[in-house]
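Here is how the chains run, residue by residue.
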Amino acid sequence: MSDEIDFDEILGKYHSDPYEYVDIFAEHTGKVRFLTEEGSTVEAVSGEWKHIPGTPLLEITRERNPKQITSPTNGVIASVNSNLEGSFVEAGEKLMTIRHPLKKKEIIECILKEVLYVFPAPERAKYFFSLDIQSRIDKKSAKEVSVKPGDDIIIMSLMKRDTPVYYDGEAGVIHSVYFKPGVSVQQGAPLIGVCPVEKVPLIKKVITRVKADWDKNEVSTV
Amino acid sequence: MNGKFLGNLGLSIVILALVAFGVMKVSASSGVEDLLLPEIKVSDSTQELLHSVSLARAAVNVQGLDHQVEAIFGIENTGEHDIKNVSILCTLFDSKNKEQGRDKWVVYDTVKAHARDFFTFADKRFISASVVRSDCQIVDLEQVTPPAITVHRSSAAHGGGHGHAVPAHESGHGAAH
Numbered sequence: 050m051s052d053e054i055d056f057d058e059i060l061g062k063y064h065s066d067p068y069e070y071v072d073i074f075a076e077h078t079g080k081v082r083f084l085t086e087e088g089s090t091v092e093a094v095s096g097e098w099k100h101i102p103g104t105p106l107l108e109i110t111r112e113r114n115p116k117q118i119t120s121p122t123n124g125v126i127a128s129v130n131s132n133l134e135g136s137f138v139e140a141g142e143k144l145m146t147i148r149h150p151l152k153k154k155e156i157i158e159c160i161l162k163e164v165l166y167v168f169p170a171p172e173r174a175k176y177f178f179s180l181d182i183q184s185r186i187d188k189k190s191a192k193e194v195s196v197k198p199g200d201d202i203i204i205m206s207l208m209k210r211d212t213p214v215y216y217d218g219e220a221g222v223i224h225s226v227y228f229k230p231g232v233s234v235q236q237g238a239p240l241i242g243v244c245p246v247e248k249v250p251l252i253k254k255v256i257t258r259v260k261a262d263w264d265k266n267e268v269s270t271v
Numbered sequence: 163m164n165g166k167f168l169g170n171l172g173l174s175i176v177i178l179a180l181v182a183f184g185v186m187k188v189s190a191s192s193g194v195e196d197l198l199l200p201e202i203k204v205s206d207s208t209q210e211l212l213h214s215v216s217l218a219r220a221a222v223n224v225q226g227l228d229h230q231v232e233a234i235f236g237i238e239n240t241g242e243h244d245i246k247n248v249s250i251l252c253t254l255f256d257s258k259n260k261e262q263g264r265d266k267w268v269v270y271d272t273v274k275a276h277a278r279d280f281f282t283f284a285d286k287r288f289i290s291a292s293v294v295r296s297d298c299q300i301v302d303l304e305q306v307t308p309p310a311i312t313v314h315r316s317s318a319a320h321g322g323g324h325g326h327a328v329p330a331h332e333s334g335h336g337a338a339h
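First to last, the protein sequences are chains V and P. If you're matching positions, the first sequence starts at 50 in this note's numbering and goes up one per residue. If you're matching positions, the second sequence starts at 163 in this note's numbering and goes up one per residue.
Excised from the complex, chain P in its bound form (with noise of 0.2 angstroms):
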């Protein structure tokens, strides 16, 4: 038993643990679509932030051959923060509700806090023209944080005051005052 023979024993346990691995997933899976759109996961802090915010309107529409898409969405924002970039994935489905894949949309507008707004989207994508139901959810978004610097007239005014923000200066970077 040489060292060339050990690495080959161990390569090939590892081969087999991926072949294995391989066909648990594949038998586990009810279809290929399965297997290429796995489960759609959200992370904790998103989750936290979704409970005040939610999809109220989610509408995707393929537009022929062209692949001109036209998309809808209205969020609706109950919570006390503004929030920004809104990723929402769309699951698609035929007029058979079978799958045709998914597609996300992000929204980097801000949508105020108590505030419900609607942003629509018109771009070239490849959707399956078959494509007649949607069904959206937000997957990912960021509350709005204050700026880093703010003006303000009066000195014992504080930084949420009536001033402007002007933008941070990092090294070599902005404008004069």
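Isolated chain V (complex conformation) (with noise of 0.2 angstroms):
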């Protein structure tokens, strides 16, 4: 992580196109219908226990099975594979892809990502922190919490197993946690990022500047 950020460029970066991509992939072969078109809006599961789908897709059938695959987030379609409608696809064959816009939130959250040192998960499984790691958030807070290379930060369990994690990044304080304790985490997402002690205040900085600038940017296209 370079002590120089350019704010400005990271910042115009995200003004002119404050949006995130979100690629639909088949997940195995079958026959593929799709029940919206490009331009239109299309909203993510919802409700108190997740129970309200988000907006169908697409179907795909296969061996008389028909799978309705809902959006994952919100946004618009930004472009739909519409010459395989009907067809035979195989799994991993694009179909479609959402812009979803972001919020502040997210947009910080994806400004951290690129500055922090980002530790992923190497498995799709749960995670949990070590007993030691834990306990030692419980007392202070997760941005008091060093690490070092080498130490078992966290407890992967995959399959009734549990297997410690060990880090291997640079060493800091854990500035964001992305991930609950007992939720299945994607294979590659990010778990934790991590940030070299001397550099939080600059963190700290890019956080205040995003929001400030931010705010003003939007308030000037109102």
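If you are wondering where the hints come from, they were derived from the structure by calculation, not from laboratory data. Careful: at least some of the hints might be erroneous.
As the list claims (entries may be wrong) - Now the in silico label distances, taken between C-beta atoms and shown as ranges:
#, chain 1, residue 1, chain 2, residue 2, range
1, V, 152, P, 243, 33 to 39 angstroms
2, V, 256, P, 280, 40 to 46 angstroms
3, P, 183, V, 206, 44 to 50 angstroms
To be verified - No farther apart than 27 angstroms at their CA atoms in a straight line, the calculated lysine-lysine pairs in the DSS-like style are these:
#, chain 1, residue 1, chain 2, residue 2
4, P, 246, V, 175
5, P, 274, V, 143
6, V, 99, V, 209
7, P, 274, V, 162
8, V, 175, P, 274
9, V, 189, V, 154
10, P, 203, P, 260
11, P, 246, P, 266
12, P, 258, V, 209
13, V, 260, V, 153
14, P, 274, V, 197
15, V, 175, V, 154
16, V, 175, V, 189
17, P, 274, V, 229
18, P, 266, P, 203
19, V, 116, P, 246
20, P, 260, V, 143
21, V, 253, V, 229
We treat Cβ as the ideally placed atom computed from N, Cα and C, and that holds for glycine.
Could you use the hints to bring the two separately framed chains together as a complex?
In structure tokens form, the structure reads like this:
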């Protein structure tokens, strides 16, 4: 992580394109039938218990078993691979892209992921902090807990087997925690964001700057 | 000749055929172990992947009477794709080189392409304490498939971009973004 962060460049990038693009791929083979079209607005799963499914995007039928795929996020359908309508596709075929407008909080998270050392999940599994780290987090806060390479900071729970996960990134404090204990995390998704102690003020500056700049920009556009 | 007679005749033929098959099997086998431990079969798809995946190390250690078994496996993946859910079947032998049964371990972790990883298992299994040697082989494995949904920043980017994967959402499951 460099000491010099070009705020203007980072913010300009997010101002010019404040979206995240979510690609939807066929998760298995089957005949595809699209249920939305380009430009339609889609909603994510909602409800107190996440019991209201998102907007239906497409239906994929394999062995006469239709499976409806719903939107994982809210936004607008940016593109649909409509030439695949009614045809048989292989697993992994790109079907459509959703353009998700980023909120201020999400933009800060995206920027932090660029400037922090992000420790990814090695497997699709459930994760917990190790007892030592958890007790230190309970006593203080995550932002005051320092980690160094070789520390067993996280326990990975995969198929009833608990395996310690050793940290192999930069030494620093845990600035952001991206997982909830006991909730399944996808392989490669970030688990924690670590920041070297001396760079914590710089990160705070980034957050303050983004908040101020974003609000200012929103006011000026209104 | 009525229907009952024909039914009995048919049943007798089936029973005789089964008995003959059983006798043939028993006479062809060299012992009880041969009958109880059939030949290990590996599926064609696994056989194909096994050209690039090998068991670099395998050791099974049975610790005394408490049935605690420690197994260490080293898996080398020289292929282009990540693999997971590797099933390893070990045939166990005693000091007289006599088969003492088989046991299976499954490595659910991902072994990255062009990587070698070691996995240790320590659990309770009912394996004879007389086991001193094991002969292990990979019998099943899966290629890691890319996630069904990927997130990226640039509109021009493709699925394998720098974004992170979010869970696939079938009807009624998953969380809000």
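To see whether the hints hold, each was checked on the structure:
Judged by the Cβ atoms, the range 33 to 39 angstroms given for residue 152 of chain V and residue 243 of chain P holds: they are separated by roughly 36 angstroms. The hint said 40 to 46 angstroms for the Cβ distance between residue 256 of chain V and residue 280 of chain P, and at roughly 41 angstroms that hint holds. Distance hint check for residue 183 of chain P and residue 206 of chain V: the Cβ-Cβ separation is about 47 angstroms, which falls inside the suggested range of 44 to 50 angstroms. For the hint pairing residue 246 of chain P with residue 175 of chain V, the CA-to-CA distance comes to about 17 angstroms; that is within 27 angstroms, so the pair holds.
For the suggested pair residue 274 of chain P and residue 143 of chain V, the alpha carbons sit about 24 angstroms apart, so the restraint of at most 27 angstroms is met. Under the criterion of a C-alpha separation no larger than 27 angstroms, the hint pairing residue 99 of chain V with residue 209 of chain V is consistent with the structure, at around 26 angstroms. For the hint pairing residue 274 of chain P with residue 162 of chain V, the CA-to-CA distance comes to about 24 angstroms; that is within 27 angstroms, so the pair holds. Note on residue 175 of chain V and residue 274 of chain P: the hinted pairing holds, with a Cα-Cα distance of about 20 angstroms set against a maximum of 27 angstroms.
Restraint check: the Cα-Cα separation between residue 189 of chain V and residue 154 of chain V comes to about 24 angstroms, which is no more than 27 angstroms; the hinted pair holds. For the given pair, residue 203 of chain P sits about 21 angstroms from residue 260 of chain P by alpha-carbon distance, which is consistent with the 27 angstroms threshold. Only pairs whose Cα atoms come within 27 angstroms are accepted, and residue 246 of chain P paired with residue 266 of chain P is accepted, the gap being roughly 15 angstroms. At roughly 36 angstroms between alpha-carbon atoms, residue 258 of chain P and residue 209 of chain V are farther apart than 27 angstroms, so this suggested pair is violated.
For the suggested pair residue 260 of chain V and residue 153 of chain V, the alpha carbons sit about 7 angstroms apart, so the restraint of at most 27 angstroms is met. For the hint linking residue 274 of chain P to residue 197 of chain V, the alpha-carbon distance of about 24 angstroms falls within 27 angstroms, and the restraint holds. Distance hint between residue 175 of chain V and residue 154 of chain V is fulfilled; the C-alpha atoms sit about 25 angstroms from each other, no more than 27 angstroms. A threshold of 27 angstroms between alpha carbons decides the hint, and for residue 175 of chain V with residue 189 of chain V the separation of about 24 angstroms falls inside it, so the pair holds.
About 26 angstroms separates the Cα atoms of residue 274 of chain P and residue 229 of chain V, which keeps this hinted pair within 27 angstroms; it holds. Distance restraint check for residue 266 of chain P and residue 203 of chain P: the Cα-Cα separation of roughly 14 angstroms lies within the 27 angstroms cut-off, and the hinted pair is therefore satisfied. A distance of roughly 26 angstroms separates the Cα atoms of residue 116 of chain V and residue 246 of chain P; the hinted pair therefore holds under the 27 angstroms criterion. Of the pairs offered as hints, the one joining residue 260 of chain P and residue 143 of chain V is violated, with about 54 angstroms between alpha carbons and a cut-off of 27 angstroms exceeded.
Between residue 253 of chain V and residue 229 of chain V the alpha-carbon distance is near 23 angstroms, which keeps this suggested pair within the 27 angstroms criterion.
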